[in-house]
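S.K.: Given the coordinates of chain A, assemble chain B onto it according to the supplied hints.
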Amino acid sequence: MRSNPLTTTLPLVLAAAIALPFAQGCKPANTKSAVTGDAASKVFVPPGQYDEFYNFVSGGFSGQMSVYGLPSGRMLRLIPVFSVDPETGWGFSEETKPMLMTTHGFIPWDDSHHVEASMSDGIQNGKYVWINGNNTPRIAMIDLKTFRTSSIIEIPNSAGNHSSPFSTPNSEYIVAGTRFSVPMGTDAERDVPIETYKENFKSTVSFIKPDTSNGTMEIAFQIKTPAVDFDLSHSGKGPSDGWFFFSCYNTEKAHNLLEVSASQNDKDFIMAVNWKKAEQYAKEGKGKMVPGKYYNNSYDESTHMATSKIGTEVLQLDPKELTDLLYFMPCPKSPHGCDVDPTGEFIVGSGKLAAVLPVFSFAKMQTAIANKDYEGEYDGIPVLKYESVLQGEVKKPGLGPLHTEFDDKGFAYSSMFVSSEIVKWNVKTLEVVDRVPTYYSIGHLSVPGGDSRKPWGKYVIAYNKITKDRYLPTGPELAQSAQLYSIDGPKMELLADFPSIGEPHYAQAIPADLIRPHSLKFFKIEDNKHPYVTKGEKEARVVRDGKNVHVYMTCIRSHFAPDNIEGVKVGDDVYFHLTNLEQDWDVPHGFAVKGAQTAELLVMPGETQTLKWTPTSVGVQPFYCTDFCSALHQEMQGYVRVSPAGSNVPLSANTKSVDAGI
Amino acid sequence: MANNKNFTLNTLKAFSLIGITAFAMACGGGDTTSSTPTPAPGAMVKTPEASAPMAGLITADEVKLGAIDQGMVAKGKEIYDVKCQACHSLGTNRVVGPGWKGVVEQRKPEWIMNMIVHTDAMLESDEQAQALLEECLVRMPNQNLTQDDARHVLEFMRTLEADKAS
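Those sequence lines, one after another, are chains A and B. The numbering of the first sequence is my numbering, which starts it at 1 and goes up by one. The numbering of the second sequence is my numbering, which starts it at 1 and goes up by one.
Each statement offered as a hint is correct.
From chain A, some residues computed to sit far from chain B (all C-beta separations above 10 angstroms):
id : residue
1  : Glu52
2  : Phe106
3  : Gly185
4  : Glu218
5  : Leu325
6  : Arg544
7  : Ala596
For lysine to aspartate or glutamate, the following DMTMM-like pairs were computed, each having C-alpha atoms within a straight-line distance of at most 25 angstroms:
id : chain 1 : residue 1 : chain 2 : residue 2
8  : A       : Lys535    : B       : Asp149
9  : B       : Lys77     : A       : Glu526
10 : A       : Lys538    : B       : Glu161
11 : B       : Lys75     : A       : Asp584
12 : A       : Lys145    : B       : Asp120
13 : A       : Lys538    : B       : Asp149
14 : A       : Lys538    : A       : Glu94
15 : A       : Lys535    : B       : Asp120
16 : B       : Lys77     : A       : Asp584
17 : A       : Lys524    : B       : Asp120
18 : A       : Lys538    : B       : Asp81
19 : A       : Lys524    : B       : Asp81
20 : A       : Lys521    : B       : Asp81
21 : A       : Lys535    : B       : Glu78
22 : A       : Lys535    : B       : Asp148
23 : B       : Lys77     : A       : Asp527
24 : A       : Lys529    : B       : Asp81
25 : A       : Lys529    : B       : Asp148
Incomplete in silico selection of chain B near chain A, CB under 10 angstroms:
id : residue
26 : Tyr80
27 : Cys84
28 : Gln85
29 : Val96
30 : Thr119
31 : Val138
32 : Met140
33 : Gln143
34 : Leu145
In short, the hints are calculated from the structure, not lab data. Treat the numbers as computed from the prediction; the structure is a model and nothing was measured. The beta-carbon is built from N, C-alpha and C at its ideal position, and this holds for glycine as well.
Chain B with its partners taken away, still in its complex shape:
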């Protein structure tokens, strides 16, 4: 068993720069101290549009956000408790992966859903995902959620707004 098998030297080399700039907020984030240099605001999050979209990934058009749907939130929370909570806090602190508080303000909705549904494809191809892997050093498990499940989790995340003060 070696689940970090795709985490090769090449990956390290290719994405080290992006890693340094992107993960600070994504993974350490919030009010925790980080030894990495504070990046310029514009460099913190590379937009998904900057890299070529992979075939089969969920596109922005497929994710319509309206007023928060409490039914979907409840379903998303239920999934979170079983499949996500062991690694993701609802605060800003990282446990294994990043805390979810404020995540919808940092990531595009379709990026979040792709990380959930197409985890391995994202870890292979998406620069932000790879930067997160460099920070967290544990490959995010594919927890085998359906696209609907992921949409519900996204709705739950939308209730976790960042604190205005931070």
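Bound-form chain A, shown alone:
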């Protein structure tokens, strides 16, 4: 007999369920009881057929982004972003190392939380997605032609880039709100006692300007704000286009024991930012350049190389001088999600510790601002009256509201972390119409297009924090669980579970038709402008430059040129510059050399990538292709002879395989 997982593994959830009047809604019975009807036929994608949506899911503490097909839940790709990836050589190849450079040096890891999709007129356009690096504050931009990270920008004067990377309706800006307040300015101004938090600590929200023609980003401007912790954010749209909304917690200004001391106030804030006005002030020169060092790294597809630019200051706007930029709306209590409905009229705060879901009206907010209907101010920023900006509250939605998304039929879906459920409610009437359990402890959720002006509807996906008994046990550590629900009918219906990478936070689901036709199949060798490209075996060679040995190497099914190299000495730095001469889809070649201190290279057709190898001992070292490429893959191999330092063995390379017999 298996024990009841509730009594053994989920006492907290059970206790919460019993304590609530709507206990039936959040009573996860067991692993088998949840699926009804013809769920199987709704998620079955026959072999050879394609999924309807791409689901771009944050990789959490893996630092990466994973891509699933929906409704099948099949994993299609893991995109390396903030963490090194030995499988592809990301962060190990000479070309990609600059992508992970920061003011703290080379950082091989981050914690990636939220995915945002590029939009035109508030509608997903399938061109790019962004994801935030939470720990060492950064934003990455990912090109959906290649499913590769095209740029990573560091955010100065930020500490914990959590409230990020949300987009304005035409992706004019991507925002970055700091989770931690910090002292800013000169070294002396930043070296202060932590207990002087209230005097010396400030927060910022930054507006990043992406260039969707080449996948790069620049910091447009930054707004200095009172010391609050920014959690999440979303842009206005339609009538509220031009505004941005950020959820704020720790309005208590606590700097220690936050679990308790930052949960004192009944209400925290949603901060409304008039970004069109901020943009205008920035253009009019009303900001000032302040110190703020940051790296701006981008990858050039024609040179197949990343480069880093270093910025030293940013344009900062001060709302104490520019008084119509910021307004606070009181929001119960420690709000996480800050979500704007498809019409752009309603802003929903999801307060993790709140008993209601407040729905704010943009029109009312505008009236309250016009009438100066303030209940006071917070560090000089007007605080609007709660009652004046409130459209209404969703009463008793569940425990621990975290995040809300919307469908195309006027309904909202809110995740309830503590009571482990999704609650569906009517945006107009604010009535709860359905609730369904999740397994277990849902964090974010996602409806395809659910934060845009045009939700595609059809599904809601739960990204859960706790997995427990959902899968075969794999020791103490379990893959995180995502769950797919149908929202076509009046009742939500659980269709499938699928495991995910790292901890999935926010995600975007985008119709496959917006992405699939534009997917790049290979890089044109004619357009390869890599300084160490080898365009054909006739150019294959080995060149010594002091202690550096450059190997201009080609690969094609199924051989390397050169495949025998001599004259390398212990202490040399050998750079294998591999050019894949193939010009067909899905024919990468891999490269590994014995004793490489880095990783393998995986070189796409038409691409050049470089592996640095520093041989440490004398001998003949093998190298080979790591990616099964043809029936003669196993023959795709070669040798490097390594002689002692000071040896007179001349540098030579065998590239004669093809010429033989002519």
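M.R.: Chain B only, in chain A's frame:
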């Protein structure tokens, strides 16, 4: 990755006979020794006309050969150096695929261009192409040449006449 994924057992069975007769010259060819039986001259190359033409393939009418155009030859050689040379010698020996010396005397011009431009379709449907795959065991890559590129490569091949002595 399994790029020989279409190289199925059925393909093997269906084309084994043709393979034996066709590849000897096509792929081993020239003066290299081959363990396969020497085929009768008439059986060495099956004419493309013998199999049903596939829709979309380049037809004989589309390929007009005149006096050798040195401009086209130069362009063809340039493409060869980057995209073809790693696998095809200019002699008669096979490296990965067959050497090109004398290839225009063995293959119809449109067949050569189809192998270059419509590589996958040819490997799926053309008996000679399949016979070559059985011999070489590496699927010829589609190197994404345009029809014009292929025409230039063909012109370059026309300068690689077989030695009269062989």
